[in-house]
Structure formats: structure tokens, C-alpha cells
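Number of protein chains: 2
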Amino acid sequence: METSFLIDFEPVGRRGHCPSGRSLLDCSRQLGVELINVCGGRGTCGHCRVQLISGPVSPPTSSEMKALGTREIAEGYRLACQARPLGNCKVRVPAESLATPQRTQIEGLEVAAPPEPVVRSHAVQLAPPALPDPAADSAQLLAALRQSGAICHGIDIEVLRTISPRLREWEWQVSASVRDGEVVALGRPGDRQLGLAVDLGTTKIAGYLVDLDSGQVLASRGAMNPQIAYGEDVMTRIARAAGATEEAARLQEMVVAALDQMAGELCGEAGLSPEMIVDSVIVGNTAMHHLLLRLPVEQLGLAPYVPAVSEALDIKARDIGLHFAPGAYVHLLPNIAGFVGADHVAMLLAAGVAHSEGVVLAVDIGTNSEACLVSDGRMTSVSCAAGPAFEGAHIRHGMRATSGAIERLRLVDGEVECHTIGGVPPVGLCGSGILDAIAHLRRAGVLDATGRMTEHPRIRTMDGRREFVLAGEQEGRPAITITQQDVRELQLAKGAVRAGVQVLLEAAGRSEEEIDRVIIAGAFGTYIDVSSALTIGMFPPLPLERFRQVGNAAGMGARLALISRSRRAEAQAIARRVGYIELGAVPRFANIFAQAVSLG
Amino acid sequence: METSFLIDFEPVGRRGHCPSGRSLLDCSRQLGVELINVCGGRGTCGHCRVQLISGPVSPPTSSEMKALGTREIAEGYRLACQARPLGNCKVRVPAESLATPQRTQIEGLEVAAPPEPVVRSHAVQLAPPALPDPAADSAQLLAALRQSGAICHGIDIEVLRTISPRLREWEWQVSASVRDGEVVALGRPGDRQLGLAVDLGTTKIAGYLVDLDSGQVLASRGAMNPQIAYGEDVMTRIARAAGATEEAARLQEMVVAALDQMAGELCGEAGLSPEMIVDSVIVGNTAMHHLLLRLPVEQLGLAPYVPAVSEALDIKARDIGLHFAPGAYVHLLPNIAGFVGADHVAMLLAAGVAHSEGVVLAVDIGTNSEACLVSDGRMTSVSCAAGPAFEGAHIRHGMRATSGAIERLRLVDGEVECHTIGGVPPVGLCGSGILDAIAHLRRAGVLDATGRMTEHPRIRTMDGRREFVLAGEQEGRPAITITQQDVRELQLAKGAVRAGVQVLLEAAGRSEEEIDRVIIAGAFGTYIDVSSALTIGMFPPLPLERFRQVGNAAGMGARLALISRSRRAEAQAIARRVGYIELGAVPRFANIFAQAVSLG
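Top to bottom, those sequences are chains A and B. Residue 1 is where the first sequence starts when you use the numbering used here, and the numbers rise one by one after that. Residue 1001 is where the second sequence starts when you use the numbering used here, and the numbers rise one by one after that.
Only chain A is shown next, with the shape it has when bound in the complex (with noise of 0.2 Å):
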């Protein structure tokens, strides 16, 4: 009888038995995960990246001391398709490992924090009233709510208005959510108190489903923002709501009306009811944050940028026209600058970069771009104009990340290899292709420092304009190629990143090679090739090792501020510390960003 293991593959859940002499990447293609994989199980493209939790598995062959270094190693990081099982093993894939055909932008770091929620219940018996002086029903459960130790002054009118027929129905045995002295949901006793925390980004939503009292993820989905449809970009939103009272409510029930959808699924997932939602924390750019409240934004669209609204808020979840509980509210994490805002400050609180020791350079890649140096305590920001070359826009082939994008790609031997999302033929090229594209060009030579395409057999020149071409013609669909305008695009894109970096390295009086530790966060960030991001110098030439690609870390942020009332209070004490650079007002900015655009 073949010997098999139980192989655990985790956050995805998935597990089974697989025989034994199988590779981690054999296994994990048996049990339907679906790992990044570029080179064909050669060891030498690094993209099927996993960490051992436990079990037993082969010792690291050269190829996985090549690509992964020591310090990895040490970490119990392998790669898949060269590491074989021993015994039954539990394995963590990261996020930017994983292929899926919808990328749902919802994994990234996990921080555990002790939940210690703003919302508490409190179940309590009343006694039905009576002659000769019966209760008001609302003064009969303050009273036992605050016979029963909890400080309580008040009641929520939307509360209120179900309290009588609720209270006789569940026979007067009923469980209280109190928010700071308030009663904002009534429930049976034993009823579960949920938390929604979401990362409203420009391009996706992240919604997590948390039980309040145990801290736990319940469920967790993500979303497209409908406000595409009304604009690719924050500035062409702010365009069409600023001045627009019509547009900017339109705006916001779209994006409110996604929310609720969410939540709706979101407990649907989790056999439960939105109702039971009694609170929530939503992160998001600057311009996010006002559209979904309907803040002025007119004013967040031109020099110089000023937010309506940059303190923490807390705001019944009706009066933005949300379906939680009746009373719940949403939270939402202060705001830094017009283009530094709330999903910024929940990444930093997620990457716990406040408290680091030495020097942390914190970058947040997606359709905007926002970037944090920690040195001496200190903490500074700036806003990296990089537009959405990263999102595949402006790009001659670039896609969204979606089936058929290629999402990792490398040059051997002037042959073309891919990896497409959902394994299907190439239709594109997603943000994490092209910046691999590009890297690869540029090692191959075919690209200059300056991003001139030199000569290769695969250029050609349609229409007038120079392309390399990735995948030729095939059965009628057009060859995917790369343009000497997407490098272009592409270095400006990369360049207003790496100048952002430079511009907080001048400030702090630090160079390049004294950064510790980067940490990549982000839609695009997740899924980037960093050695690619390194050979086209969107970063500083730093070894591999200092950086950490910690996926969503903005929903993990508003994760931790639903949970933990303390770490709400230390996202507003991150944003009061943390200065922040408009490169608009940097003299010498033209000049940091003209060398960064360059290929290095």
C-alpha cells in the first residue's frame, strides 16, 4: 500500500491526503490550490513560495538557497515544487504565491490582536411590568443593564422603536450591544455581535465578516467599487461630484449600495443577518472616505488639496444610508492629507511600523500609491503620484487582474515564458506582468537604462510605433505585446514611487542603504515580483531579504481598529504622528523624479 500524508494548505483551508514522493507544488495542484508557477517546477523562478508551519519535509535543495536566502529558509520558507512532504505538514501560502482566476485582494497579513471591542453585550432578565406602577420598557433595561455593571445612559431611537414588541416577543430575556453608554442593538441572549471591516479602495472593495467577541474572521469577500463607471481614477470622481449635489449622491449610494450588498452576502456566507452588524470600520483614501460620507471634495481636487475631514469619525451607519444594526455605527480612521488618507493609517497600524526600531520604509502599491519612512521614531508620508499604469491602464495589452492576465512572465534564452490568472491563454497583461516584462527586457538587455528598446529579433514596428512581442498571433486572437510607449509609462509610474522614497530618504537624512526593513502592501503590491520591482528600480537596491509583501494590510488595519478598541486609538495617535511632504512643494522634486525614472 502507497504511503500518504495529510497535507494541510493554509489560510485557503484546503486539505487532503496526498502520496508520499510528491512535491508541495504536486500536492497543492491534487488539492486544487492554486500556486504561482513560472518555470515549470525547475526551481528557478521563486514564485512558489510557501511557509512550513509544521511537519516534516525534504531538506532545501541549492536551487531554494538561491532563490530564497537564508534568512527565508530560516523562516521556514520553501518552494513548493522543490520541497516533498515527509509526513503530514501544515503549509501557509502567501498571498502573492497564490493564483486565483477572481483575485480578490482580501489576503494579505495577519495580525492577531486581542479583541477587546468598542461594542459589548450585556444579557439581562427583566421582569414583565405590572400594576400598581409598571416600567416604561426602556427604563426597565437601563436599569438592569446598569444593576448588571454596565455603564449605560441611553438608548438609540431606531432601537427604541422595536424595544416594546421585542422585549414580550423574546419574553423579556434579551441581550444589550452597548457603545459608550449606549444600547445600539437588542438581541436574544447568546446572539453573536458582528463586526464589518472593509478597505474601500479605488478600484476593489475588501469586506471581512468579524465575530466581535472572538476577534474571527467569519467571512471575508471582495468587490468591484461601482464608482468605476464613473471614473477610473479619484480625480475624474472628485471632477464629476464636486459641485454636482445630484452626481455626489449618486456616487455614494452606489458605493452604499455595494456595502450592503457585501454585508448582506458577507452574513448570508455565515448563516447570519446583516441586523446583527453592530459596528464597523471602513478605511480609504482621502477621496474614497469623502464620496462614500458625501463630503465636499471640490476643494480635495485642487491645489492645495485639502481634505474636508481628516479626524477619526464615528457615524450611525443610517445616516450614510447603510442596513446594520439599528443603532450600530461605522468608524472611520482618520485622515492624513488630501491624498494620504484613512487606509493608509490602517496599514501602518496593521504593519506595526510605529513602534519599529531603526529605519522601515512602508510602500502602499495600487491605483494610488502612498509610501511612510519610520527613522528615529519619526514618521513622514507622501502621496506618489504613479497614476494607474500599475492597474494596466495606459497600457497598449495591460487588463485588470483577471482571468487570462499574464501575472508572472520571464525571458530565457529570448523565448517568452507566462503564467496566466486562471491558467487560461494569455488575453493581456495585469500590473505584476508588465513590471516582470519590463525587468526581464531590461536584464535581457533589450531595454537601455533609459528605457530605449535596443534590438531583438521579437521587436517589431506596427503603425510606426516599436513593440516586443510577448505571445504572436493564435488562433485569431492579436499578439500581446509591449510598446516602447508602455515602458514609458511604465518608468513614470515606477519613478514617481521610487522619487516619492527618495524624497522622505533626504528629509530624514537617511540613504538608501541604512532602510532595515519595506514593507509592500497593496492590491499590486501582493503580487509583484520584488527582484522584478528591484531591476527596473522602483525600489532602492536593498537585498531581497529586507522586504515583506504583506498583501492587503489596510483591511487587516481596519480589522484590528474593529476588534480592539486600543489599536483604534493608535491608528489616531499614527496619524497625529506622522508628517507629511506635499512633493508638489519640494524645490528640488523635478530632479529626484527625472533620475528616478530611469531603468538603473
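Certain hints may be false.
[Claimed, not checked] Listing some non-contacts, in silico: residues in chain B with all C-beta distances to chain A over 10 Å:
#	residue
1	D1133
2	P1226
3	E1265
4	P1457
[To be verified] Straight-line distance between alpha carbons at most 25 Å, and here's what the computed SDA-like set of lysine to any residue pairs gives:
#	chain 1	residue 1	chain 2	residue 2
5	B	K1316	A	P425
6	A	K316	B	G1215
7	B	K1316	A	G154
8	B	K1316	A	E182
9	B	K1316	A	I151
10	A	K316	B	R1120
11	B	K1316	A	T245
12	B	K1316	A	T380
13	A	K316	B	V1256
14	A	K316	B	E1253
15	B	K1090	B	V1256
Simulated from the structure, these hints should not be mistaken for lab results. Built from N, CA and C at the ideal position, the CB exists for glycine as well.
For this one, chain A is given, so just place chain B on it according to the hints.
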């Protein structure tokens, strides 16, 4: 040349020159102030009672001494038909002496309180934001407010929704209305801060627009409660709203629309905008309170008549659909029991009985009636199920107090003398007229002590019912009569009040004679002739000078709570202090009530 004097009637504010030698009644007619007068100026009916504020008048006549008593004479009270100005005079017309074509029930007790508003305005000057570090608009405002000494932790979301364009339009000069640390409205420096006080009655609504900083009433107005179309009494409305969400919503929308309209009219009268209403106090009985807030009422309509809510509430005006300043609150005074509501608390607050020495009885008589006995510093209240007879309901020729209603009546030598509202030919009897009619029939012996009709030339039998003809058929109008059944209805109504008082006295261990003062408040109580009420035994037989009619004291209480934070707190202290006796739970009540219906 004939001498003339300047005569000033307050609070109606009519003044003008009147020839010397005329009575104050003549002067009032000349200036369009309609005083009630039944006896034709003979000084016997005592209805044209006014109070001299300043100026010389003729000495009191013997009729005045008889009608008013030495105490009232000492306080400056006079009969307008007897007193003649001897120079320029200022005269106060008590509400009960004023016959107005459309009674607004807004006048009443005037109690001054030092303004101590819950919402305070703070004017600040901000700076236009500029690079390199432009502060968010909200952050700059909060910082400036804190620097000006205001305790301020946040800004209402609806205020935030207009903050940026407003600050720019007003060139960074702004006045913020701050309530308990929250900015609830923005205005230009110098803008008035308005408050709205409302007595929301079952039948009528009285509204007062107040300048919060001075405490001055800028305009006042009365209106019908539009819910009347859904039932004249509270029980009918409770039955409609109970269990039917749509009906409850419609009842609420009706009254909210009426309040919005009233706010608009009051502000229009003062040349201001409802957006400047930054605070509001609304009082009503428990049912009106619950219907306004769309609280559950089903349990309120069934024994033991449990309110959903009894504690004082602060609710955003927008949460009940009112259109005031963006973040304005409505404060609702506490309820005491299912049928002793916030309007009773407001009446007690205005009457100032909480600190009374001796034994004080305060009775609020309207569509619903309540009584409170203050004795040895203890306060106890009952609700008297008097029914709607005082409003003219269930009375053969009963009607509301509008044009053509007989409001004063007396029987002299078998002849009926009457005064109608508007001075037009009579079409029916309103509450005070019914009371007068029955009192005079009793005095004339037409009714015996049990209420049975004896013999009289004006008594006839129609359709088997005995009735006393007050006014015969005339010009096609039917006769106006008092039927035996009408007498019974009024006996039940007045018996309910008297029995309530009796229960209070017994509970306090007091006798009737020990009552030092009787305060009569409320719509109906304002206009009745106290001697008529005493004749029929509606109140304990006490000397007339122990009674005081204070008009709409609930409205005054609402105004006090509006302008003064400490009065608001006092209202809550009163509600906590007041003991409640449910008459249905008093074993001897049936006996007491049976005795109380006697016409004495």
C-alpha cells in the same frame, strides 16, 4: 378739545389713544382687543378681568370688590367694564379674559429664566489653508474652537457635508453652534441661534420660536394636530398605529409635516430661516410623544399601559424627519407613566410647584387631564380619564372652541345670556360654555344634586329626550340645547377629575381644606369660569382666590427647558420625584368616583 390717553394692552401688543371717560372695556373694543363679556358691562359676570401694570385708573367699584376679592384687587386686577383710565395706562389681559376668533392656546403663564442654552455659539476666524501642510477644514475649525475656549470634540456629519464650501463662501469667518462638545450648525458671525419649543397636544399644537441667547420669544403660533383626522382621542390613534407600521409612519409624518410647517411660518414671521433652529424641546402626553417618535404604542393601549420610553431623550431632528439646522437635536422631556406624559412634567416645571410650601394641587385639563398634589415636599400624580366631553365631544350641541361657539353663558331670571367666540350668532357650545350652562342650571335648581333635570319652562322633550333650550330656532338654525344625556356626560368627565383629586388627597393624608393653592392649566382649564367649575363640584369647594388659571403652562415649561440647561435638568428631577398612582389599581376608586359625579 377732548382729552385722550394712550392705552397699551399686553401681551397682545395693541395700543392707541382713547377718549377720557371711557371704560377699559370700551378702550379694548376701540383697539380691537376682544375681551369676554357676558353681563353686558354691568360688572356682574366677572369675565373681563384685566391686570393694571401701570398708570392711574378709577377706584374699584363695589361690583369689582365682590367679583375679584381684596387679594386680586391688591394685585392690580380690575374688571375692564368698571375701571376708567385717568391717564396713560398699561394693562395686561390674562389669556382667560381674551376672546379670540381662533384660539391658539399659546398664551399662558409667563415665567422668566436666565438664558442658559444647551447650544452655545462661538465665532472664530480661520486662515485659508496653504502649502506645505494644509490642514483639513474640520481640523482647522476644531482647533480654532478649542483655542477660543470651547469644549469641542466633533462635528455632526450633516454639518461636515457643507463645511468646505461654507468656509470659503464666508471667507473663513464662521460662527459654530456647539452642543455638548459637538458642532451642530455653522453660520456667519452674528447670526441668531434659534430654538423651537412645542407643546404637542392631542388636539392642538402650540409653537414658540425663541432667540436662544436672549431667551426672548420671537414669534408664537397655534395649529391643529393633523392626526385628529385619524381619531380625536389618543386611544383611537394608538389602536390605528399599533401593529400597523404604515399607519404609524403616516401618523408620524403628519405631525412632523405640521411641525415643519409651523417652524417655517414662525421663522418667516421673524424674517429668519428654519435652518437657524439649532435646538428644540417638544412636550406632549405619552401617546403624542410616542407617535411623534414612532415608538411602539401597542403596549401603551393595553393594561398596565406601559410606555416604551420614560427617560428624557435627545434625538437628532433629522431622525424624526424635521428640517432644522443640519445637526440640531430635539430634546424630549421625560414621561412619568402611560397617561402622565412629558407635558405634565413641563406644566409642573413652569408652575414651579416642586419647591412649593404647603399643599398645592396642579391640574392640567385638556383632551387628557392630569392632576398632581404637592404635599410635604412629595409630588404624586394621576391621570383622570375625563374623556373628551370638555372638548365638546359626545355633547348634543358640543363643538370645539372656534367661531360661533358659546364660551360663556349665564341664566338671569330664566333668560339665557351668552357670549360666543367671534361675537357671531351661536352655533353650539364649547367646553367652557357647557360648564357654565350646567353650573347655571344647577344654581337655578333646574338640575338637582344628582344631575336630574327638574322642571322649567325652557325644558322640552324631543324624541323622548328631555332637554333645556338655551337658544331657540332662529333664521333656520336649529335650537341649541343641553340634554339630560349631556349633563350625564359632563358629570362623568368632571367626576373623573374630582375623583382623581380625592385619591391624591387620601394618599397624602390631607383634607380638601388643606389645599393652599390650585393651579389650573391646559387648553380647557384656561377658559373655564372657576366659579362654574366649583358650582358643579369639579374641584374641592375652596375660596376662589386659591385658584389660579395659568393657561398653556406646558408650553411655558417647554420654553424654560429650551432656554435653560438647569431647567431641563430640573424637569428630569421632577419626573423622578413624582409618584404615580394608577387609578385602576386603587381598590376604593369605584366608590370615590360614584361620589364625585354628584353636582354637589
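Do the hints match the structure? See the list:
no.	hint	verdict
1	D1133	violated (6 Å)
2	P1226	holds (21 Å)
3	E1265	holds (27 Å)
4	P1457	holds (51 Å)
5	B:K1316 x A:P425	violated (58 Å)
6	A:K316 x B:G1215	violated (32 Å)
7	B:K1316 x A:G154	holds (14 Å)
8	B:K1316 x A:E182	holds (15 Å)
9	B:K1316 x A:I151	holds (22 Å)
10	A:K316 x B:R1120	holds (24 Å)
11	B:K1316 x A:T245	holds (23 Å)
12	B:K1316 x A:T380	violated (39 Å)
13	A:K316 x B:V1256	holds (22 Å)
14	A:K316 x B:E1253	holds (22 Å)
15	B:K1090 x B:V1256	violated (39 Å)
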